[in-house]
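If you want the building blocks of each chain, they are given just below.
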Amino acid sequence: MVRSALRSAIGAGFMVAAMASASAQVLEIGADNGPTGLDPHLITAFPSFMVVNGNIYEGLTAVDRDLKIVPGLAESWTVAPDGKAYTFKLRQGVKFHDGSAMEAQDVVASINRVLSKDIASPLASRLSAVESANAVDATTVELKLKEPSAALLSSLATIAIVPGSMEANKDALQKAPVGTGPFKFQEWQPNGFILLTKNEAYWDKGMPKLAGLKFNIVPESATRQVGLSNGQYALLPNIDAATALQLKGKPNVKLSETMDLAYTLIGMNVSKPPFDNPKVREAVNYAINRQEIVDAALFGAGVPGGPLSPALKNWALDVSKFACYKPDPAKAQALLKEAGVATPVSVTMKVLPRQDIKDIAQVVQEQLNKAGFKVELVNQEQGQFIQDWRNSNFDLFASINAGQPDPDDYFYRTFRTGGSTNVFKYSDAEIDGLLDQARTQQDQAARKTAYDKVQQKLACSGPVAHLTYGTLFSAMNSKLQAFETMPNRSLLMLRNASY
Amino acid sequence: MNRVLLARLIDLVIVLFGVSIIVFLMIRMIPGDAVAIMLGANTEITPERMAELNRRVGLDRPIIEQYLLWAGSALRGDFGTSLWTGRPVSTEILLHLWPTLELTFLSLLVGAVLAVPVGCLMAQTRGGAADVVMRVSAIAGLTIPSFWLGIVLILLLSSWAPGFASLGYVPFSEDPVGNLQRMVLPAFALALPILANLSRLVRSAMLDALGQDYVRTARAKGLPERRVVYKHALRNALIPFLTSVGIMTGYLLGGAIVVEQVFAIPGLGRLILGAIAERNYPLIQATILVVTAGFVFVNFLVDFLYIVVDPRVRA
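Same order as they appear, the protein sequences are chains A and B. Just so we're aligned, residue 1 is where the first sequence starts under this note's numbering, counting upward by one. Just so we're aligned, residue 500 is where the second sequence starts under this note's numbering, counting upward by one.
Calculated directly from the structure, the hints in this document are not laboratory data. These figures come from a predicted structure and were not determined experimentally. Hints should not be assumed to be uniformly reliable.
[Unchecked claim] Label pairs and their computed distance ranges (CB to CB):
(1) Asp-64/A x Gly-571/B: 51 to 59 Å
(2) Asn-379/A x Phe-604/B: 31 to 39 Å
(3) Ile-521/B x Gly-418/A: 39 to 47 Å
(4) Val-79/A x Ile-521/B: 56 to 64 Å
(5) Gln-291/A x Arg-560/B: 46 to 54 Å
(6) Trp-647/B x Glu-200/A: 45 to 53 Å
(7) Asp-577/B x Gln-481/A: 46 to 54 Å
All C-beta atoms, glycine included, are put in the ideal place defined by N, C-alpha and C.
Could you build the full structure based on these sequences and the hints that come with them?
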């Protein structure tokens, strides 16, 4: 009897030890905001994207840390000579989290779901070039396009593949996502946490190494920092420079950093005076001292930025190439005089409610005022800011925007006449022509030339004064291995990480 | 007695009805509609798709129709679904209710229970050193904001006891020690202003009561001072105290929003805050109704306790 009791005790001890070591591998993450839904075809907010992208869901293609397009659920692809058809060969042996096999018809259903009017996916315009999707056989998918689309492969990385049975379902995936990714959805306690567990049947053998991910929703920055310091959280992903500086050098904490794709900007409404005059927009650029903004508002963690992020090494022009980026208040005043506007030019600037943007807006206000403007800052609540932004109800606004891995994804909708996020009402025939040409161009060098011209023109007289590209940090416990911050804020690299 | 309670019950229904209309209208008057926020500032969305989404969540109907539809379902116990997650609003509220109830209960317990002896002591030592020290501390307790206190407490604890898990929430049923560990700091941060407020109140009510004829009579009868204070004077001093406890519960719900934010507790406060930021109309409406009902119910309880404590009210 004693022996059997001893045996049970030892058995229980092993079980507890096994459970403890398993639970130790669930990575505790301190996230600033909770997801607002988990349907990959409906979400737009970063907190949702961070949870689902690459962890729960995968696309046909993926982007790596250098923002290069790499295979995702499609192992390989071929493009028709005229650029109007893509054939994808799917990876074999991929299963959804519900146990069903991922096949060509699921891909077709996913693409149709995004394009469906009923689902009203905000991602639909990324597939606007797609005419039809067809399953050739179980592992082959063909996409037919209305016109060649240079950004298609990059866009497809953002389109999650979901089970075909979900095609018409508007609500189920918001609550209980089913993907093919390395982690499975387990539990969501709104405002509390969201728990993902390891997908044991993941196609990439040996991955993931972690037993799961627990995103703890911790809105207070100070609280997150304490949680990291005392070991309650092992990772604070995508934090700002101010928080990173406070955590730098703390015991057991290490930082990973990268150039952010997101950029800070001043938007100008070109549908009303004085910003309808290109000379006034040029004056704004001459008035702004970008390095001063980096130093004062980003604590030096960032670079002055033009229309494209320096993270896009193949596309972005060096900002020293833009004459109007050399701060010159006198030149700005001269331009205002040439434009025939009475100085000081009184304008209001609406400010996105984020501390870094408020800081930046104050620095820009000071700089513009020195160059002949009289700027009044209007601090807004997020909902109101979005509403005004959407309705083009502003003179100027200060904000931050997510960047895109392919220039077309960003330029076309922002600066093309009638573009879906062209809230500036900007319309320029030359820019339209260049964007149309670059979009359908297959030749990489020709695309580059077109985008160089676009950047040159937009930098000085476009409707957006691009200000800075910040350094994006993640802070983590020094035991966390093989995790790196990605420029697009995806936590895709958690699949390789161990703790 | 029954008539008093019945009148209060009718008040409760009228208040809830009024609040439902006010909240419904107010939340729609704030700029920034749900669909615009749902889609964010950085999406590619056409007006047609926005209209489709509006139709999907039922925001394309006239506001009166929206209200009637919602109120009709609410009366049947169906508060609708969250615009963002598609989950039933009642499920989300139930999930968030317990942490807030526990936090409120613990803070009220600490604040109100301590306030009685502290207030009595202040009254008894009126003008003395102990009274002055406690009064100054009470003023400090009233003026220090809970969120600031919360952050300081977290920081202090993390340097003194790095292994102490002070953030987030674990249900008591799952892990009693972990639960109390996480609740002690937020409950203290919330309780301090309550303690400060209530102890001052008890002090002045006691001073008032101690000057009354019946106290003099009790003392003249040779009763021990402790018995005079706690048996005779305190009972009368409790009436304003009870009223304040009722009001404090309302304060606690407000304070809980901030403290829950600081300590990452998934309670009703954070639910409301998030729902307002995302203009999640069904969730805001139902949560505010629940909070209002709780507040009105506590006041109803206070009225009931009056009757128990003070026989004059029964008349």
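Evaluated hints:
1. Asp-64/A x Gly-571/B: 51 to 59 Å: 53 Å, holds
2. Asn-379/A x Phe-604/B: 31 to 39 Å: With Cβ atoms ~37 Å apart, the hint holds.
3. Ile-521/B x Gly-418/A: 39 to 47 Å: 41 Å, holds
4. Val-79/A x Ile-521/B: 56 to 64 Å: 59 Å, holds
5. Gln-291/A x Arg-560/B: 46 to 54 Å: Holds - the Cβ-Cβ distance for Gln-291/A and Arg-560/B, about 53 Å, lies within 46 to 54 Å.
6. Trp-647/B x Glu-200/A: 45 to 53 Å: At roughly 46 Å between Cβ atoms, Glu-200/A and Trp-647/B fall inside 45 to 53 Å, so the hint holds.
7. Asp-577/B x Gln-481/A: 46 to 54 Å: The hinted range 46 to 54 Å holds for Asp-577/B and Gln-481/A, with Cβ atoms some 49 Å apart.
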